[in-house]
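Trainee: These protein sequence lines are chains A and B, in that order. Quick note on our numbering: the first sequence kicks off at 1 and runs consecutively. Quick note on our numbering: the second sequence kicks off at 1 and runs consecutively.
No lab work stands behind these hints, which were simulated from the structure alone. It is possible that part of the hints are untrue.
[Claimed, not checked] No more than 27 Å apart at the CA atoms, straight line, and that leaves these computed lysine-lysine pairs for DSS-like:
#, chain 1, residue 1, chain 2, residue 2
1, B, Lys-193, A, Lys-351
2, A, Lys-406, B, Lys-74
3, B, Lys-234, B, Lys-216
4, A, Lys-406, A, Lys-389
5, B, Lys-240, A, Lys-429
6, B, Lys-74, A, Lys-429
7, B, Lys-138, A, Lys-453
8, B, Lys-143, A, Lys-457
9, B, Lys-216, A, Lys-453
10, B, Lys-143, A, Lys-404
11, B, Lys-74, A, Lys-457
12, B, Lys-234, A, Lys-453
13, A, Lys-457, B, Lys-240
14, A, Lys-389, B, Lys-74
[As the list claims (entries may be wrong)] Covered stretches of chain B (chain A as the covering partner; in silico rule of three or more C-beta atoms under 8 Å from a C-beta of chain A):
#, stretch
15, 50 to 57
16, 136 to 144
17, 181 to 189
18, 193 to 201
19, 236 to 246
[Claimed, not checked] Partial list, derived from the structure: chain A residues whose beta carbon lies under 8 Å from chain B:
#, residue
20, Ala-9
21, Phe-28
22, Ala-48
23, Gly-281
The beta-carbon is built from N, C-alpha and C at its ideal position, and this holds for glycine as well.
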Amino acid sequence: MNNHFREQAIDALADPQLRDNFRGAMDFLRAKRQSAFTDTEALKQLRALGHKIKANTLARLPDLLEQLEQNCLQNGIQVHWAETPEQACEVIHNIISAQNGQLAVKGKSMVSEEVGLNHYLEKRGIESLESDMGEYIVQLANETPSHIIMPAIHKSKEQIAHLFEDKIEGVDYTDNVDELIGTGRQILREKFSQADVGISGVNFAVAETGTLCLVENEGNGRMCTTVPSTHIAITGIEKVVATLDDIPPLLSLLTRSATGQNISTYFNMISSPRKTGEKDGPQSVHLVLLDNGRSRMYQDENLQQTLRCIRCGACMNHCPVYSRIGGHAYGTVYPGPIGQVVMPQIDGLDKQGEMTEGCSLNGACGEVCPVEIPLPNLIRKLREQKSAKPDGHALTPGAGSQRKPKEAFAWSLWQTLYGQPWLYRFVTKMATRLRHASPRAIGGWTRYRTAPKPAPKSLHELMSQRAEANQTDGASK
Amino acid sequence: MTTTANMSAKQQPSQVYFFGTCLIDLFYPEAGLSAIELLEREGIQVHYPQAQTCCGQPAFNSGYNDEAIAVAAKQIELLSDPIPVIVPSASCAAMMKHHYPTLFENHPMSSKANELASRVYELTEFLVRVLDISLTDKGTPVKIAMHTSCSARREMAVTEDGFSLIRQLKNVSIVEPERASECCGFGGTFAIKQPEISAAMAEDKCQAIHNTGASKMISGDCGCLMNLNGVMEKTNRGIKGEHLASFIIDRTRT
Ligand code: SF4
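Just chain A, with the same shape it has in the complex (with noise of 0.2 Å):
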């Protein structure tokens, strides 16, 4: 797919426009997260339960998992089980086609966007429309959502105004935030109530109870999966928690991870299709259980931490350089540091390796993660697993492909100068009698900045001769 990661990054740098926009969101989204946490000591708790709940649900993965199977079949949900992004695909279209449906309304769903639903759905003629706001914009542009939680965040009003006047009939220009909501609600009202098929992701699988939950603020999430005759909910196996218990710590951290919300405005609870003598709900209820390299991630026992992702989106918000260059220059379904870590193991550190590179291993991304994933632990280890031996045992695909000699040659001679003491305070002290010397040009280094020189002696010259004219043995040893 990819693989210009730096390139795409120094585009992004170029837009000022784009700049700022992420700028401005991003101190926005921190300032609200840092007030919904405003008591230390009870989000540190509160971390370390959700941590436990998820780690705990993963250790019993595959139990829940049939837990949760038979619970839905008995409320009456029908469970699909896909291994690929095609196979998810070619569920969802068979499900749509065995009732002739047309047009698929859908709420937000980033595994949606990782098994490219819309447009497999479109090359057959199914017309999917999306209908949470931010989505729909992002829809509209003809582009992927540049983030997990706010699609369009990349857009300012005044884009989004031209992108409106443009591409919808009859709208004028008006950069008008609640003017253009409402012309994005009314093509949308009106959709739902033609839509044949409804189709959502789910936050937490019920494993006891064979619940699915689904977290919004739009109000069309609900729309999408009670209005259309059928609902279809598309998910990865790593959402699966045991009981409802475990919902409220996980919940409250989600909202106020991603937005500072306390709540969302609303949270529905879906568990089974419409019952004889209920108003309204779907005929049919389906949920699509997608494995797509997660069960892989599962075997090695650093690398599944990544499942306990919630996906609240607040890595990206606080990642120094995705508040630079944004979402889409990761050119991945999921940007920033949680991309990072799952597109190199989901499509393989072959395709996706270079992408671990975009961290200066800050630490802010772990810092804020309301599961305590340890992300820079996780990019790291990706990188050591691109750049492997052939012999390594890695079980990520495309492990040891971005092996450069050059640069593994570079390491070993690192080693071999920082391994041994007396050619370290050779070169070293060539270094700094040859200081006037010292290039001025280091690459991209010094595009920005002037080079550092040498001093004029070293700590160890330095040491060794205050050692000398004391003529202790205490300084050095």
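The hints should help you fit chain B with the ligand onto chain A, whose structure is shown.
Mentor: Only chain B with the ligand this time, still in chain A's reference frame:
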């Protein structure tokens, strides 16, 4: 005063190792000397093993673990006496304290690595929490901008220690730049591999420091200093960054 669990101000060690870090060694030796002077002034005997080189972090962060282990193992061997190891840079301290144990997991030297890790202190952490030192300011009034590194903030959690040291200097007023918790863009090899993104980060940081109106920038990490000083100099901003230890020594020397 905060003290670490296993070492209080009362049980002061009489000897420590000093691990100078490779950046200080070659580019900022005066920061190393200042740090050593600060320790010695408190009556501590400082050992500086001449065979020390680098903690291994550059290779480790790049995913070259074998190479990192080879170099780290040498440092573990030569810092073997059971006395504290003082590191005047939070990122190298974090490497030794937090990453050696994972790097050496399943390695024959695993227990030695863990043992060393338990003795590693970042300089300001040691000065404040173990030595509980007091400083007397002899300098003229100055306004400084504090830059705290990501490792100091997150991995080592010693940000407060740096501040509390500077706050003892009565003629120094501290200003914190906007978005103080955001990375300066150094990240070791990150600055080399992604120069454009790194520069964008460094540039914003320098602007924020400049905006404070401070005449000096102080940091406890030489990686950040090298990065930010490079940008400040290239853009003629007229502010220079200095290592916290040098700054303190200059203002407290008799
Ligand atoms: S990795 Fe953590 S912070 Fe990032 S989206 Fe997932 S849960 Fe949120």
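Trainee: Next step is simple, just say for each hint if it's right about the structure.
Mentor: Hints, one by one, checked against the model:
Among the hinted pairs, Lys-193 of chain B with Lys-351 of chain A is consistent with the structure: their alpha-carbon atoms are about 18 Å apart, no more than 27 Å. Taking the CA atoms of Lys-406 of chain A and Lys-74 of chain B, the gap is near 25 Å; set against the 27 Å cutoff, the hint holds. This hinted pair checks out: Lys-234 of chain B and Lys-216 of chain B have alpha carbons roughly 16 Å apart, not beyond 27 Å. With a CA separation close to 14 Å, the supplied pair Lys-406 of chain A and Lys-389 of chain A stays within the 27 Å bound.
For the given pair, Lys-240 of chain B sits about 26 Å from Lys-429 of chain A by alpha-carbon distance, which is consistent with the 27 Å threshold. Using a Cα cut-off of 27 Å, the hinted pair Lys-74 of chain B and Lys-429 of chain A holds, with the two alpha carbons roughly 20 Å apart. Only pairs whose Cα atoms come within 27 Å are accepted, and Lys-138 of chain B paired with Lys-453 of chain A is rejected, the gap being roughly 30 Å. Proximity of Lys-143 of chain B to Lys-457 of chain A is assessed by CA-CA distance (about 30 Å); at most 27 Å being required, the pair is judged violated.
Distance check on the hinted pair: Lys-216 of chain B and Lys-453 of chain A sit about 20 Å apart at the alpha-carbon level, within 27 Å; holds. The suggested pairing of Lys-143 of chain B with Lys-404 of chain A is violated, with an alpha-carbon distance near 47 Å, which exceeds 27 Å. A hinted pair counts as satisfied when its Cα atoms are at most 27 Å apart, and Lys-74 of chain B with Lys-457 of chain A qualifies at roughly 23 Å. With a CA separation close to 14 Å, the supplied pair Lys-234 of chain B and Lys-453 of chain A stays within the 27 Å bound.
Pair hint Lys-457 of chain A plus Lys-240 of chain B holds up; C-alpha atoms about 21 Å apart against a cutoff of 27 Å. For the hint linking Lys-389 of chain A to Lys-74 of chain B, the alpha-carbon distance of about 23 Å falls within 27 Å, and the restraint holds. Only when three residues or more bring their CB closer than 8 Å to a CB of chain A does the claim for the stretch 50 to 57 of chain B stand; here the count is 6, and the claim holds. Three residues within the 8 Å Cβ limit are the bar, and the stretch 136 to 144 of chain B against chain A gives 0, so the coverage statement is violated.
For the stretch 181 to 189 of chain B, the proposed coverage by chain A is satisfied: 7 residues have a C-beta within less than 8 Å of a C-beta in that chain, meeting the threshold of three. Here the stretch 193 to 201 of chain B counts 9 residues with a CB under 8 Å from a CB of chain A, which clears the bar of 3, and the coverage holds. Given as covered by chain A, the stretch 236 to 246 of chain B fails the check, having 0 residues with a CB less than 8 Å from a CB of that chain where 3 are the minimum. Using the Cβ-Cβ criterion of 8 Å, the hint placing Ala-9 of chain A at the interface with chain B is satisfied: the shortest such distance is roughly 6 Å.
Because the beta carbon of Phe-28 of chain A sits about 13 Å from the nearest beta carbon in chain B, more than 8 Å, this interface hint is broken. Using the Cβ-Cβ criterion of 8 Å, the hint placing Ala-48 of chain A at the interface with chain B is not satisfied: the shortest such distance is roughly 16 Å. Hint on Gly-281 of chain A is violated. Least Cβ distance to chain B is approximately 47 Å, over the 8 Å limit.
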